[in-house]
Amino acid sequence: MKYNLSVKEFLEKRKNGEIDYNDFYSTFLTNLKRKNKELRALRVISHSQKGDLNKGKLYGLPISVKDNICVKGVESCAGSKILEGYIPPFDASCISNVKKNSGAIIGKTNQDEFGFGTFSTNSGFDIPLNPLDKTRVAGGSSGGSAAIVAGLDMPHVSLGESTGGSISCPSAFCSVVGLTPTYGLVSRYGLIDYANSLDKIGVIGKTVYDTALLLSIIAGHDEKDFTTINKKAEDYTNYCGPDVPKKIKLGVPKEYFSDDIDKRIRDEVWNSIHYLESIGIDYEECSLKMTRYALPAYYIIAMAESSTNLAKFCGLRYGLQADPTENFNNYFSKIRSKGFGEEAKRRIILGTFARMSGFRDAYYLRAMKVRTLVIDEYKRLFKKYYALISPTMPIFPPKIKDVKKISPIQCYMSDILTVPPNLAGMPMISVPSSVPSVGIHIVADHLQEGRIIKIAYLLENRC
Amino acid sequence: MKKIITKDDVKHISDLARINLTEKELMKFSSEFVEILDAFRIIDEVDVKDVEPSFHPLNIRNVFRDDNVKIFSADDILSNAKKKEKGFILGPKVG
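So the sequence lines, in the order shown, correspond to chains A and B.
Here the first sequence is numbered in the numbering used here, starting from 99 and rising by one per residue.
Here the second sequence is numbered in the numbering used here, starting from 49 and rising by one per residue.
If we strip away everything but chain B, and leave its shape as in the complex, we get:
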């Protein structure tokens, strides 16, 4: 039987999700994921023809509020960032 997910897949997905896995983690997750995804596939037994997906448990409707600007102080917003310069957060190099 074809494996649902391979070690290379797990490596690729973890790179996309910006998570570096050690070789040990990669081995462990790869074998666990096969077992987990295999167990999840029982939902294939359910006939979902003509069934609408529920993105929320209740039928919620769009609600609007007045477009009033509420100012959150910049000092508060920046209070948790360790590297700051002239009211900006200092980040790593792009590229």
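Chain A with its partners taken away, still in its complex shape:
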């Protein structure tokens, strides 16, 4: 196919004026629509592009966007029926940055409602399918983004979002690259919040280079989000090179290779560790003892924060609305009961419980203290290790028809490897291994995105 190009090749050709953009975009749309019928990855497709797409760093590169990131004039629902019909009158800051650099927003991708899930089966709309095996889940919660990146053989990158692993998980399951930056590196302005102290906008792409490129564009301080870090802009693609860092050591946390992790996955990750060893990168086994406590601490914090965030949805100003004929309490309850899916209700109620007087200290406050200990443990390891390496997910993607047999607590447990670094706000990347749906997870210290990109690039380009 004429436009079966990598992002890097596309940008080169656009720079040299070798691509007729109108022809490219119409071919892209035709292919996207065909693929989307098959995979149900996007909920909305934007049909036209406005403005000058010949300037900036992206030259009209197609970018899909997770449904929970606001795009001006494009319906944005965070995968929830309660927001159906909501058309943001503004762009999220990351979208403004993409547009400033001539990225072409091509649509909104399906996800678990508000990010509540590991398989994208908690979507209020369509459940995206895994392009590697369409009977299986794409992973969650940024499942639509990973599915379309994997399924479409054209230059394209997707903006995802992770609270507890929602970029890494679908990237592993669909065998693409998912980069979750340090908490606060990318502005959350315009993100429909799940849990404010955990949410991170990141990138899903076919290659490590693609994710590094888009991160360079969306990263940076934003006065509209006071939790963004004041850090000088950096071109992360500079870390995409074959040179091997000297005298570094990777940590291999033994808790991440326990018997609970599928043996085929463990073996494959060990192959990668041994490959890195063969090119001069040493490793050492280490321990993250707080791993088992990180999961409940994460869920308590995430549910508590989400229960407050979801309080604002009441059917008055946007999204699902009805005739307000009755008493306000009844009206709000009616809209909320109709608009929220089962997992959203579950988390609102549990989150409200964890914040109630009499329980707050035992759950919420205690979880916050456990988070401190999780962060401290990582910080100690990063004094010694360049990065940590492990499997991304403990399991292979389940069949869609089998997901309903998984209980909520079993589902939460499948986030055991992605939750701890998310709770600690560390940057992480999932890079495909040679076995389909098995991702290798690399985690580094706060603001060390360069390190994860470097190791992932070396693994991606292994001989």
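It is worth saying that the hints were derived from the structure and are not from the lab.
Hints are supplied without guarantee of correctness; some may be wrong.
As the list claims (entries may be wrong) - In silico BS3-like cross-links for lysine-lysine, where the CA-CA straight-line distance does not exceed 30 Å:
1) A:Lys-410 to B:Lys-97
2) A:Lys-179 to B:Lys-97
3) A:Lys-432 to B:Lys-76
4) B:Lys-131 to A:Lys-410
5) A:Lys-153 to B:Lys-131
Note that the coordinates shown come from a computational prediction; the quantities given were computed from them, not determined experimentally.
For chain A, the structure is supplied; the task is to place chain B on it using the hints.
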């Protein structure tokens, strides 16, 4: 052993959160919540004496920006509300 959360608790909390549960949902959630909260209680094993809570993963500091008013057009703000009157959103009766 005393149940961490009862069916009546779940009903009370869902009322507070403005969510009406069907009898079936109430039964299902009540039994699931016992299992979930029980699994969460392993954090009781952690010694958190003298540990400060982390409200954010990084030590963020308060930042200030100039107090400049930026006007968001009222039409834009109201564009998603279906029931409007004279520049206001029409809501349900209070009380």
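These are the hints, each one checked on the structure:
Under the criterion of a C-alpha separation no larger than 30 Å, the hint pairing Lys-410 of chain A with Lys-97 of chain B is inconsistent with the structure, at around 35 Å. Restraint check for Lys-179 of chain A and Lys-97 of chain B: not satisfied, since their Cα atoms lie roughly 43 Å apart, outside the 30 Å limit. The hinted pair formed by Lys-432 of chain A and Lys-76 of chain B meets the criterion: a straight-line CA distance of about 20 Å does not exceed 30 Å. Of the pairs offered as hints, the one joining Lys-131 of chain B and Lys-410 of chain A holds, with about 17 Å between alpha carbons and a cut-off of 30 Å not exceeded.
This hinted pair does not check out: Lys-153 of chain A and Lys-131 of chain B have alpha carbons roughly 42 Å apart, beyond 30 Å.
Hint compliance for this structure: hints 1, 2, 5 are broken, all remaining hints hold.
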